[in-house]
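A.B. asks: Using the supplied hints, reconstruct the complex from the two chains, each of which is provided in its own coordinate frame.
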Amino acid sequence: MTTLARKAVDWLDERVGIREAFRENATEYRVPRNINVFYSLGTVLLVLFGLQFLTGILLLAHYVPHPDQAFDSVKRIVNEVPYGWLARNLHAVGSNLAIVVLLLHMLSVIFMGSYKKPRELTWLSGFILFNLGLALCLTGYLLPWSQLSFWATTVSTEAAGSVPVIGEYLVRIARGAPTVGGATLGRFFALHVVVLPLGLLAIIGAHLMLVRRIGISRPPFGKPGEVVKKGVHEDHPDGIPFFPNYVAEEIAVVSFVLAGLFAIAVFSPEVFIPADALEPADPFNTPAHIKPEWYFLWAYQTLKIMPTEFIGLAVQGAFMTFLALLPFVDRKAERHPFRRPLFLSLFVGIIALFIGISVWGHYS
Amino acid sequence: MADNRRRFLVAAIGTTGAALTALVGWPLLRTLTPDSGEGADAQVRVPRKDVPVGGAKFVQYKGKPAVVLQPEPGKFTALSAVCTHLGCIVKFKPEQGDFECPCHGGRFDTKGEVLAGPPPEPLATLAVAVDGDDIVVG
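Residue numbers (our numbering), protein chains in the order written: chain S, 870 to 1233; chain D, 153 to 290.
The following block holds chain D by itself, in its conformation from the complex (with noise of 0.2 Å):
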């Protein structure tokens, strides 16, 4: 009978502990995890006017620095600016062409592709459309 009665006052403070951990864990978990961010700047508008034939301009899509690009007269496109290797900002170097990561010399072609240094993968290609006299990214 005492025994019994031992098993089921271990089992019940066993259980209310477990809901009580559940119950305070799961607000927890929830106020440290992030939003990932997909929602927010779904899209992005971008005047034309600001981004020259070979130029590039820089702006901030889904939480994370993207680029957007004009290689010839009206033909947009639009890279993640992230590089593949360790997250740094990439930087465009009109006079290549190209271009670099500097925190460990990763270099990418206007198309994302890798020409050199460390990165693993291209840059990400973003949608791209033209709408007036705006060019929306996403």
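In isolation and in its complexed conformation, chain S is listed as follows (with noise of 0.2 Å):
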């Protein structure tokens, strides 16, 4: 380290305390040493979400959020501002990789029993930032104001028309007019850009402390470590250094899904930005066989298969209540999935059960 710049480490270690601070919460901070490449999926995602604030400014300084010219400004992104395609490209399909490792997340911490107490918060918070995530791809899928971005939108508001009694307020709410027009691009770009980006950061800050406060949860497989509890908190006395051990770890798997991100954005970007996202939203030609994104196919198939939408409607929003209570439902100790033969089957029967319903809404 040169002079200046160990005098300026002094000069703000002195007010702040950053050595010290370094020193707990990395090179002494010691992780379980038998933990796994999934636990690395949290650092992936705060890299994912870093990157879609990023791409999100850069388009910001050029989307313009209006019915007659949000269309134009995105094909103008894409085609005109230097190296605006990339950004795009990195927004659209990042953010649909972010869900996907969101998904991996979630299963891995109800696979491993991650969740059970004393980290309940820890589960509710990050089960908020996955529903968070949900509501960014959804109010962000209408701002190109493409066909696509329309009827999709279009589709997912009328659903909320059928809860009795309030529905048609819940769908003027959400649309901001009887059909979706300028209100809505004007309020679903707000929640884009404001409110759900704040709420994101807060939660994750959130998230963050609790998993900190509470230490990183051992996993149920391999040779277990020693484990000494204060209170709440665990210690890994025996672990691996978080820094610069584990950190390594986390490097490579985050390189990887980055590999990934850029290969599609740059060579197949229409895996994610399919032929009705090109063509200008038509308030009087609604598009042929609409579907929504992949990780909605599953509530607009229950929709559909339920006699009633309301029916559907209360389906889906119990069985998100009981994965947001999980952890207070599930109270026993025990975390090894292969010593859990009941909890066992249902994970991989809601997971099949998810699979086949998404499928069968993709070719219906």
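Just so you know, the hints here were simulated from the structure itself, not pulled from any lab data. Beta carbons are placed, not taken as given, at the ideal position from N, Cα and C, and that holds for glycine. There could be a bad hint or two in this list.
Distance ranges between label pairs, derived from CB positions [claimed, not checked]:
| hint | chain 1 | residue 1 | chain 2 | residue 2 | range |
| --- | --- | --- | --- | --- | --- |
| 1 | D | 199 | S | 1059 | 39 to 49 Å |
| 2 | S | 1070 | D | 202 | 52 to 62 Å |
| 3 | D | 199 | S | 931 | 41 to 51 Å |
| 4 | D | 170 | S | 977 | 42 to 52 Å |
C.D. replies: Pasting the structure below:
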């Protein structure tokens, strides 16, 4: 370190104690020695959210949230703004990848029973983050004002209309008008660029605080290391150092995911930006076989197969409530999946059911 | 005495807080609640020549798409063009003489009745009258 840099660090250290903070949270912070690759998905998500913020700001500099100009402004970003196509593709593909990683993160936490006491609030904050991620995707989907955006939003907002008594009111609140239009674009834009990102940042902060305060859970597999408990906090004195050992592993996983993201964004963006996304919205002309994004297909198909849409919404609501309250429902201490046959059967069965319903929704 | 004072202060702060929340909350709610659209375009006039026999003319009525038809010479009807399944806009198929929803394949006849597909209800029928060279919807 050069003398100038050391002086700068000394200056900061005197005022905010960065050396001690780094020692406590990095070099002397130990993670369980049997930790596995799935524990790095949280860091992958932090990087993906960071990239969404960065590309979102770049898009925001050129995007115009008005029905007459939104589609053209996106076209201009892609075709005229230097590297605008890269920012747009990374943002669109990155949002899908973030949902994939969010799902993997949640599924691995469920599989390893990491949601259990004392990590109920960590789970709950993560569940809220997952929902905020979906809300960001839903609101961002409308912004390009393409045929796909317009009609997917029409269908998704219409679903709220099946709620008894206040359904019509909910649809109007969501759209800002009887049908999707400029008012919908305005409120979705405000939600997408201000309200939801602020909520996401706040809940990420709470989630990380809880992870650090309670300590990383020990995986139920492999040779268990020593655990020292101080109240609800768990220390792993014989674990591996977070920095540099575990950080190096996380960098490897992050690099792998980013390589995949860039490959799709550069070579095959059409996977997530289909042909209907290249046509401007036409409120009088519905394109054929409009479908929601892959992560909403299960909800869409559930609405279709239930006797009434309200029953479909009620089933979805009941399932999401069950998921949110999972640590309060499943309170036994055992975490190893192979010693929890009922849990394992449900875990595999529900995933298979979700994939099956989504594929059905895609081809129906 | 100190307890009374503390209770009074807590009650006063609580009441002021609730009043301020209502003061901010009500305008916020009103700002985000749109008009129902009922008053807008209470009546729509469509020139008769725009609606041929066996044809259809799409218009905006009370903020939502509607369609005016002339199934027989001189007889006009009007329907909401919003599919009762998930809110997509139906398309008129003149060769088949019916409506099709492109989203999920729902089909309706020219009276709005469901012929096939997932729509749970018929298309809403709208009032229509002839006034000189115009057709008046609503």
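A.B. asks: Among all the numbered hints in the text so far, which are the ones the structure does not match?
C.D. replies: none
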